[in-house]
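2 protein chains.
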Amino acid sequence: VVFRGWFDPHSQLKFITDIRSAKAMSLLSLNLDPGVLDWAEACWYFPKTREQFRVSGTLNLITATCNETSHQQARQETWQQMSDNGRIQFVWPTPGADRSTDPQAFAPPAPDQKQPSENFCLLLLIPLAVDHLELRGEPQNRCLYTSIAGEWSMAQVNP
Amino acid sequence: VVFRGWFDPHSQLKFITDIRSAKAMSLLSLNLDPGVLDWAEACWYFPKTREQFRVSGTLNLITATCNETSHQQARQETWQQMSDNGRIQFVWPTPGADRSTDPQAFAPPAPDQKQPSENFCLLLLIPLAVDHLELRGEPQNRCLYTSIAGEWSMAQVNP
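So the sequences go chain by chain: Y and P. If you read the first sequence in my numbering, its first letter stands for residue 90, the second for the next number, and so on. If you read the second sequence in my numbering, its first letter stands for residue 90, the second for the next number, and so on.
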């Protein structure tokens with residue numbers, strides 16, 4: 090996935106996905122028991138600064154049928170900010186299914202620029218912990234940030 | 090983790106880890122029920138070729154007490170190929186514990202270059218599936234490779 094920016098409150102990390110993708114289907118099946126199995130981590134390594142970030146938290150999949158207004162608005166805005174090339178992938182044949190042999194299947198008419206495809210989902214990661222490792226330190230520095238009831242605390246730990 | 094090369098048979102992906110690290114402790118606790126919860130994925134994205142690889146399979150943690158000769162030999166050789174800077178981290182204070190306040194804790198004598206530290210583990214990922222996505226294609230190309238009883242098969246799927 091590609092990081093698509095932040096969503097407030099709580100500096101949620103924003104991604105997009107197709108409701109027909111394995112990751113969305115997996116999350117939708119987990120919704121039977123929300124908050125237990127939707128734990129996820131996003132990891133970055135920045136080669137220039139030699140820093141590693143591991144952001145952990147819970148996922149929230151915003152589909153076309155979600156009722157929360159701010160979520161639907163963010164879903165719509167994110168769709169509108171995408172390129173035609175990005176948007177058209179949501180009306181391609183089902184991801185992960187046997188390759189379509191129809192040469193026209195991947196060249197459908199461009200979808201509406203304003204109204205998101207039914208397949209288009211926002212995926213929000215609500216950060217609850219951050220493991221930050223600086224390899225450049227002498228020896229190295231590592232901090233664990235933890236959010237409990239919205240309050241962040243920090244602890245220095247051994248790398 | 091850093092990819093440390095291949096281990097044959099079956100082109101296993103080689104990593105190293107500290108037995109005191111969260112990932113090793115998690116795997117050791119899973120050994121009560123091996124083969125079920127040790128599924129893992131290694132993902133790469135190559136920006137120049139715009140290719141994405143997701144290698145899935147099971148993990149095998151090779152500790153100081155493993156009996157398999159070829160595994161112990163690989164563990165020893167990997168240790169010997171490392172730099173002093175890499176080796177010394179395995180005799181540092183416990184990773185993830187409260188930061189040590191002893192200024193000498195991170196400057197111990199260099200460990201033996203031949204005999205691996207007791208804390209030093211090899212981590213092998215036995216690949217059983219590969220999801221290969223080429224974003225450069227027109228539209229894009231995606232192949233799923235699957236190994237069943239050591240025989241690999243390939244299927245072209247929609248991106």
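Take the hints with a grain of salt, since some may be wrong.
[To be verified] Subject to a maximum C-alpha distance of 35 Å in a straight line, what follows is the list of computed DSBU-like cross-link-like pairs (lysine-lysine):
(1) Y:Lys203 x Y:Lys112
(2) Y:Lys203 x P:Lys112
(3) P:Lys203 x P:Lys137
(4) Y:Lys112 x Y:Lys137
(5) Y:Lys137 x Y:Lys203
(6) Y:Lys137 x P:Lys137
(7) Y:Lys112 x P:Lys203
(8) Y:Lys137 x P:Lys103
(9) P:Lys112 x Y:Lys103
(10) P:Lys137 x Y:Lys103
(11) P:Lys103 x Y:Lys112
(12) Y:Lys203 x P:Lys103
(13) Y:Lys103 x Y:Lys137
(14) P:Lys137 x P:Lys112
(15) P:Lys103 x P:Lys137
(16) P:Lys103 x P:Lys203
(17) P:Lys103 x Y:Lys103
(18) P:Lys203 x Y:Lys203
(19) P:Lys203 x Y:Lys103
No wet-lab data here; the hints were simulated from the structure.
Hint check:
A C-alpha spacing of about 25 Å is found between Lys203 (chain Y) and Lys112 (chain Y), which places the hinted pair at or below 35 Å, so the restraint holds. Proposed proximity of Lys203 (chain Y) and Lys112 (chain P) is contradicted: the alpha carbons are some 44 Å apart, above 35 Å. About 38 Å separates the Cα atoms of Lys203 (chain P) and Lys137 (chain P), which puts this hinted pair outside 35 Å; it is violated. At roughly 31 Å between alpha-carbon atoms, Lys112 (chain Y) and Lys137 (chain Y) fall within 35 Å of each other, so this suggested pair holds.
For the given pair, Lys137 (chain Y) sits about 38 Å from Lys203 (chain Y) by alpha-carbon distance, which is inconsistent with the 35 Å threshold. Distance restraint check for Lys137 (chain Y) and Lys137 (chain P): the Cα-Cα separation of roughly 17 Å lies within the 35 Å cut-off, and the hinted pair is therefore satisfied. Of the supplied pair hints, the one linking Lys112 (chain Y) and Lys203 (chain P) is violated, its CA atoms being roughly 44 Å apart against a limit of 35 Å. Pair hint Lys137 (chain Y) plus Lys103 (chain P) holds up; C-alpha atoms about 24 Å apart against a cutoff of 35 Å.
Of the pairs offered as hints, the one joining Lys112 (chain P) and Lys103 (chain Y) holds, with about 27 Å between alpha carbons and a cut-off of 35 Å not exceeded. Annotation: proposed proximity of Lys137 (chain P) to Lys103 (chain Y) holds, straight-line Cα distance about 24 Å (limit 35 Å). Simply put, Lys103 (chain P) and Lys112 (chain Y) have alpha-carbon atoms about 27 Å apart, close enough for the 35 Å limit, and the pair holds. For the hint linking Lys203 (chain Y) to Lys103 (chain P), the alpha-carbon distance of about 47 Å lies beyond 35 Å, and the restraint is violated.
Our distance criterion of 35 Å between C-alpha atoms is met by Lys103 (chain Y) and Lys137 (chain Y), whose separation comes to about 24 Å. Taking the CA atoms of Lys137 (chain P) and Lys112 (chain P), the gap is about 31 Å. The hint holds against a cut of 35 Å. With a C-alpha separation of about 24 Å, the suggested pair Lys103 (chain P) and Lys137 (chain P) falls inside the 35 Å cut-off, and the hint holds. Restraint check for Lys103 (chain P) and Lys203 (chain P): the C-alpha separation of about 19 Å stays at or below 35 Å, so the hint holds.
Restraint check for Lys103 (chain P) and Lys103 (chain Y): the C-alpha separation of about 32 Å stays at or below 35 Å, so the hint holds. With a CA separation close to 64 Å, the supplied pair Lys203 (chain P) and Lys203 (chain Y) exceeds the 35 Å bound. For a cut-off of 35 Å, the pair hint linking Lys203 (chain P) to Lys103 (chain Y) is broken: about 47 Å separates their Cα positions.
Taken one by one, the earlier hints fail for this structure at numbers 2, 3, 5, 7, 12, 18, 19, listed in ascending order.
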